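Peer 1: These are the residues of each chain, in order.
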Amino acid sequence: MRQSIIQWFKFGSPQSFYPLAGRMIPWFWAAAIAFGIAGLWISFFVAPTDAQQGEGYRIIFVHVPASWMSMFLYLIMAFWAGLGLALNTRVSGMMAQAIAPTGALMALLSLWTGALWGKPMWGAWWVWDARLTSELILFFLYLGFMALQAAIDDPRRADKAGAILALVGVVNIPIIYFSVKWWNTLHQGSTINMNKAPSMAHTMLWGMLLMALCFWMYSIAVALTRVRAIILERERHTEWVKHAVA
Amino acid sequence: MNSFLATVRRDLLLAMRRKSEVLTAVFFFVIVTSLFPLGIGPEPALLRKIAPGILWVAALLATLLGLPRLFAADHVDGTLEQMALSPSPLGLLVAGKILAHWLLCGLPLVLLAPVLGVQFDLDASALGILMLALLLGTPLLSLIGAIGAALTLGVRGGGVLLALLVLPLYIPALIFGAGAVEAHIAGLGAGGHLSLLAAMLALAVFFAPWATTAALRVALE
Amino acid sequence: MQWHSIDEFFAMGGYAFYVWGSFGACALLMFAEPFLAKRRLSEVRQSLIRERLADELELQQKNS
Chain V
1 MRQSIIQWFK FGSPQSFYPL AGRMIPWFWA AAIAFGIAGL WISFFVAPTD AQQGEGYRII
61 FVHVPASWMS MFLYLIMAFW AGLGLALNTR VSGMMAQAIA PTGALMALLS LWTGALWGKP
121 MWGAWWVWDA RLTSELILFF LYLGFMALQA AIDDPRRADK AGAILALVGV VNIPIIYFSV
181 KWWNTLHQGS TINMNKAPSM AHTMLWGMLL MALCFWMYSI AVALTRVRAI ILERERHTEW
241 VKHAVA
Chain S
1001 MNSFLATVRR DLLLAMRRKS EVLTAVFFFV IVTSLFPLGI GPEPALLRKI APGILWVAAL
1061 LATLLGLPRL FAADHVDGTL EQMALSPSPL GLLVAGKILA HWLLCGLPLV LLAPVLGVQF
1121 DLDASALGIL MLALLLGTPL LSLIGAIGAA LTLGVRGGGV LLALLVLPLY IPALIFGAGA
1181 VEAHIAGLGA GGHLSLLAAM LALAVFFAPW ATTAALRVAL E
Chain F
2001 MQWHSIDEFF AMGGYAFYVW GSFGACALLM FAEPFLAKRR LSEVRQSLIR ERLADELELQ
2061 QKNS
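Chains as they are written, first to last, in my numbering: chain V, 1 to 246; chain S, 1001 to 1221; chain F, 2001 to 2064.
So that you can see chain V by itself, here it is in the shape it has in the complex (with noise of 0.2 Å):
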């Protein structure tokens, strides 16, 4: 038990998980093609056309793993983030840093899609629904913590302060999601869905889940990638970068 909890905190260190992240990366590559390819398959040869929406539903086999993504990456930037608090460990820090770009891309991307979806369904590139308007938040929450650390030139003051952000925005995005719905019901009774539930098939469930396996091994190799050039960034005068890079 001992033992594993030292590995634990050996790859903690940048030095052993720079060549660690470096082996970890085209395996995480590898998948993402994989799944990415048999996503795009069922999304666009799989799936049957939808009886109200016609070939638009498309679209949300990129839509929602975007969407799924940017929460994710934001609870595990600030897991990161709480880690590197509590336990002080440097690679931790670098993580939340690396992955949120990568998060804010996703939320892009959600809110991208979002509309493309929204002009021929509801009408009108932007609806105030209540998800489209947390993603948005969400998505300015994601710049906020990317700004907050770009201003700061200290890492290690930069890691900290980013990891409190990171945890103030966690508690808070609960709240936000509940007030805009609330705020939503209120001001429309209008029902805009953005899923009809009961009418998605397997096929179409099946194509969402693999389309977000690929989104997640996508943004794995890609948050590895930009750690690794962080370490090496940050570490730059440490005698063991010198000897990893020759």
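Just so you know, the hints here were simulated from the structure itself, not pulled from any lab data. Every value quoted in this text rests on a predicted model; they were computed, and no experiment measured them. A portion of the hints provided could be inaccurate.
[Said to hold, decoys possible] When the alpha-carbon atoms are kept at most 30 Å apart in a straight line, the in silico DSS-like pairs for lysine-lysine are as follows: (1) V:LYS181 - V:LYS119; (2) V:LYS242 - F:LYS2062; (3) S:LYS1019 - V:LYS181.
[Claimed, not checked] Chain S stretches covered by chain V per the calculated footprint, using a threshold of three residues with CB under 8 Å from any CB of chain V: (4) 1146-1152; (5) 1200-1211.
[To be verified] Among chain V residues calculated to face chain F with C-beta under 7 Å, some are: (6) THR49; (7) TRP112; (8) VAL222; (9) ALA229; (10) VAL245.
Cβ coordinates follow ideal geometry from the N, Cα and C atoms, glycine included.
For this one, chain V is given, so just place chains S and F on it according to the hints.
Peer 2: Below, chains S and F alone, put in the same frame as chain V:
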């Protein structure tokens, strides 16, 4: 408890010596809310509809104006470090500073709101609800804002960054604060909104000084 | 399989702009992001290698 009250008194005294800073936020609130009817038109029905939202957004921005100064002066002259080293817990002193900020930047807005609400043709009961909502909501804004102020302390482009960090977190207060008045005008009763505001305030009173203290310690390292 | 021809596939039942706009944006950004991340990594590496070479040169000059 004494150190808490002493901090509040000290910050109020300091602010009284530089009245212009406090008055800026208040004037900002008055001017911004007065601009809207000029931009939109004097139709009473329309004004009544948009009044809660406009007064609340103006209040958010007005409290935001005072936030960068919350810790900046004390950080520059080293008072903040003394506070961190003092025997009384930093969280208590921070809570005192937040309370002082609310007394200076939040309370005047609550007291002015009915006057400005009259411009928007709100009736007496709606004005009462508006005041009550602001009374519960503005301390919440000061508490959340203090976290942002501590995080951006001494950071490049702090003011704009502070707005970017804090405004998304203000959204629930805005929704329930403005919603309370709207619900009252619509005849639905504002009780639910107000109690949710109060619940959020209770949560923030508990957590925000703590998070602010943690952020300050990071900034002081 | 519900497509009878390649044209039909690209037309997406009249939703071509929306469907391909969504998938295209995802593809574009999900190619661009790893590319940028990799470039960042290789830039740090390059500068580290240059630094190392500079150090070695300095050492050689000192020794000779």
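Peer 1: Out of the numbered hints, which ones does the structure contradict?
Peer 2: 3
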